[in-house]
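Q: For the first sequence, the tail end lands on 213 under this note's numbering, and the numbers increase by one without skipping.
Just so you know, these hints were derived from the structure itself, not from any lab.
This one's a predicted model, so the numbers in the text were calculated from it and none came from an experiment.
C-beta atoms are modelled at their ideal positions from N, C-alpha and C, and glycine is treated no differently.
Treat the hints with care, as some may be off.
Stated by the list, open to error - Beta-carbon label-pair distances, calculated as ranges:
no.	residue 1	residue 2	range
1	THR60	ALA211	43 to 51 Å
2	ALA113	LYS191	35 to 43 Å
3	ARG94	GLU132	23 to 31 Å
4	ARG77	PRO168	35 to 43 Å
5	GLY102	GLY71	16 to 24 Å
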Amino acid sequence: MTRAAVRGFIEAISGANPEPESELEYTDPYTLLCAVVMSAQATDVSVNKVTRKLYAEAATPAAMVALGVEGVARHIRSIGLWQAKARNVVELSRILVEKHNGEVPHDRAALEALPGVGRKTASVVLNVAFGESAMAVDTHIFRIGNRTGIAPGTTTRAVEDGLVKRIPPDLLRHSHNWLILHGRYICKARKPECWRCPAVAWCLCKEKTPAQE
DNA sequence: AACTCGGGGCA
DNA sequence: TGCCCAGAGTT
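Whenever a hint applies, use it, and build me the whole structure from the sequences.
A: Below you can see the structure in the form of structure tokens.
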């Protein structure tokens with residue numbers, strides 16, 4: 001897909017979300033980092049509820065360490081993998097306090113060294129919180145990249161590189177949220193709703209689903 | 001590449 | 001009920 005077409009696609013899906021709720025409503029780097037760490041293999045809405053409760057209780061790494069694993073676990077039991085996530089959130093907070101002056105490092109290697117933080121989570125923080133040229137590729141974005149033709153690839157890294165290269169720099173920062181929501185509500189893994197997709201004119205997918213029932 | 005963790009959402 | 005999910009870490 002050409003860069004002009006990619007711009008058309010991204011602009012079409014921007015602000016067209018039926019459900020604005022997202023973990024990315026958090027722009028504070030620390031809260032965003034914790035939210036994404038907790039979001040692994042969980043649904044967004046359930047993680048948002050948990051993040052709000054946790055943020056009200058501990059909005060800084062130092063406060064999170066003081067809250068402790070038990071304290072964090074008490075707030076996040078409604079999501080899967082809560083035991084490991086509670087440990088990770090507290091441990092990464094402790095590292096932020098001890099090694100990074102209580103702040104989220106503006107650095108990929110340092111981020112990925114934190115427990116519970118892999119390439120995807122680090123990319124979200126670098127792109128969304130710090131505005132760097134990066135794209136986080138999760139299952140939704142991987143699917144959209146391939147299905148639409150924006151960034152085809154068999155590996156997440158290939159899709160990631162394609163997206164960073166083709167999405168206009170001025171749209172890159174918000175594209176993560178737009179693509180996730182687009183994948184969640186319209187360009188779904190099963191039964192995508194192409195008939196109400198605002199970007200269907202730019203999509204290269206050959207199998208456009210017609211309106212049902 | 002193939003596991004494991006894990007409760008909630010949804011068909 | 002069964003299957004999937006805004007992944008990361010280990011083997």
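Q: State for each hint whether it applies.
A: Each hint tested on the structure:
1. For the hinted restraint 43 to 51 Å between THR60 and ALA211, the CB-CB distance of approximately 49 Å keeps it satisfied.
2. ALA113 and LYS191 have their C-beta atoms about 40 Å apart, which keeps the hinted 35 to 43 Å range intact.
3. Range check, ARG94 to GLU132: about 25 Å between beta-carbon atoms, so the 23 to 31 Å window is met.
4. Take ARG77 and PRO168: their Cβ atoms lie about 42 Å apart, and the range 35 to 43 Å holds.
5. Evaluation of the 16 to 24 Å hint for GLY102 and GLY71 yields a pass: the beta carbon distance comes to about 18 Å.
Checked against the numbered hints given earlier, the structure satisfies every one of them.
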